[in-house]
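Let's have the full structure, built from the sequences with the hints guiding it.
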Amino acid sequence: MENLLEVKGLEVSFPSPAGDFKPVAGVDFVLEPGRTLGLVGESGCGKTLTALSILRLLPPPGKITAGKINLQGVDLVTLPEKEMVKIRGAKVAMIFQEPMTSLNPVFTIGNQVTEAIRAHQRISRAAARRRAVELLRAVNIPRAEERLGDYPHQFSGGMRQRVMLAMAISCRPLVLIADEPTTALDVTVQAQIMGLLKRLREELAMSLLLVTHDLGIVAQATDRVAVMYLGRIVETCPTPLIFQSPAHPYTRGLLRSVPRLGQRIRRLQAIEGVVPESSLRPRGCSFHPRCELADERCREAEPVLETVGDSHLAACHKAPPPAGKTDG
Amino acid sequence: MVNYLLRRILIIPVMLLMISLITLGVMHISPGDPAALRYGLNPEVSATALDRMRELYGLDQPFLTQYRGWLIRVVSLDLGNSFIDDRPVQTIILERLPATLLLNILSLALIFAVAIPIGVVSAWRRGSFFDRSAGLLVFIGYSTPTFWLALLLIMFFGVRLGWFPISGMRPWYVQFMPPAAQLRDLASRLVLPVFATAFGGLAGLSRYARSSVLEVLRQDYVRAARAKGLTEKRVVWKHAVKNALLPVVTIMGLTLPSLIGGSVIFETIFSWPGMGRLGYNAIMNYDYPVVMGVGVLSAFLTLVGILISDLAYAWIDPRIRYR
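Each protein sequence line maps, in turn, to chains A and B.
The first sequence begins at 7 in the working numbering and counts up one residue at a time.
The second sequence begins at 5 in the working numbering and counts up one residue at a time.
Bear in mind the hints are in silico, worked out from the structure with no lab data behind them.
A portion of the hints provided could be inaccurate.
Said to hold, decoys possible - Taking CB as the label site, the calculated pair distances span: (1) A:Ala-225 - B:Ser-132: 58 to 64 angstroms; (2) A:Ser-263 - B:Ile-320: 44 to 50 angstroms; (3) B:Gln-94 - A:Gly-155: 56 to 62 angstroms.
Stated by the list, open to error - Here are the simulated lysine to any residue pairs, SDA-like style, with alpha carbons at most 20 angstroms apart: (4) A:Lys-69 - B:Glu-236; (5) B:Lys-242 - A:Lys-69; (6) A:Lys-88 - B:Lys-237.
Only a predicted model underlies this, so the values are computations on that prediction, with no experimental measurement involved.
By construction, the Cβ of each residue, glycine as well, lies at the ideal position given by its N, Cα and C atoms.
Structural data, given as structure tokens:
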């Protein structure tokens, strides 16, 4: 299928007197129309920065220093800011991890939703208001009409995330980026929001880039998954495969660390060691200091993403070679 | 909200009571009294005469008795008569208040109108040429003694260029001019004092607005507003500024005392017939009724001002409004 969004060799750096700090160091992935891609990784692996790069909303002084982000063939990295404004919210929308602080406390919900609509559509205030009510209904906010005049602090966290979602879909974007959309919410509310996301993605035929560290959410909601470690994609494959035959030792470690219901365990399984600072990236494979399979080659040469199965890629010297092919 | 408002209003009389008590107390413990000031060095005036005079003004009575007498008169809205010229204190204050209010309201308006845009743009374009030159200017503004600046302004614009009159508010001859010319005369007399009084405040407030906007620009909702596809202009001037102004409004409440109290220094330099000079002269003359009148009125208006700024804060910030 044709790719809607293609990220190639994306690099993000933060200049600092002690040398550039590169939290995203060459990320590649593609997002197909109408599909959901899960971007998975530990805190600090660069997944949020990758997501923000797509909208070019990196916190200063962060900058995209290399790579391409193609949206329908247009490179967003080199697009002038004036054009970029027309992409944000219209073609690519985003919801954030912190629904509690992502709405402006001093403006009403109605004001903020209609503002999102009117940023990209030339319609009257009254029409935007009607559309806002529709949108709030679409995200299951009860008494939508009355609540337009309410302020964010009168909404719960889950309700605020619904409002964020209503704003995000207001212009029927091609791509919705959801950065840990449920991390800050209660488990029951999480399930509701994930259900809503799934339904809206289908109804509006959007593509969804779901940034998360929750493998349960990956299993439920995504078609494909990309695992990030220290600013790089280390493995990517259709979602079921990551659970059946993970190829990268880091992915396997992640999966092992998920506690399972019905399994009696004394201690949670963890991956040994800690994520090193991105500024102190190890030579060779960046995972080798924590990897049980690491040998001389892993310490010296950096592995690249290679096919290990049917649309399954991994960046590991120790990954099993694709079936029907011998080590070469 | 009503409860809160009621509490805030009820506390005002209590505060006034305490402020007036302290004011009179300070006047009393300062050495000297009106009688001694006027006749103490005159060998022709006997001690008995001085005592008679003290008796006349009620200064021989115990402190609290004097305070009670003053308080009873004030409750019936009588601030007493000046020791110096025996005119009612109300009349004297009403003569002086408009001059101070006019000067300070204009100066405050100028401060806000100029400092906030400077602060916002500095924060928005942080590190730009504009930001850095504004920073330098503010540094100079902050460290310049304003009385000295006032003198320089008078020398340059008043004396050398002759653009503006150097002192006074309403010279005797303006009464013979047509109203429009009177107004023009007043306006030209306001330029230098307004600029001089605004200058120091300008520096402080613009820095304050800058840091306030910088703080807000880091918030999640600003990033979310950008993600909606709003232009940078709209993000800054709508989403950031309204939030950043919340603390600035509080600052405004704190500038209110000087608004009413007037500034002794500037009113002296520019011969401005305002409250600052009135209060200063009254203190120097041990004119207790005027000192008390000016003090209590300033305190009252200040308390009301702070109340208003709190209400304004609540009006801007819905989170407070509903509590």
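For each hint, the structure was consulted:
no. : hint                                      : result
1   : A:Ala-225 - B:Ser-132: 58 to 64 angstroms : 48 angstroms, violated
2   : A:Ser-263 - B:Ile-320: 44 to 50 angstroms : 48 angstroms, holds
3   : B:Gln-94 - A:Gly-155: 56 to 62 angstroms  : 47 angstroms, violated
4   : A:Lys-69 - B:Glu-236                      : 18 angstroms, holds
5   : B:Lys-242 - A:Lys-69                      : 26 angstroms, violated
6   : A:Lys-88 - B:Lys-237                      : 12 angstroms, holds
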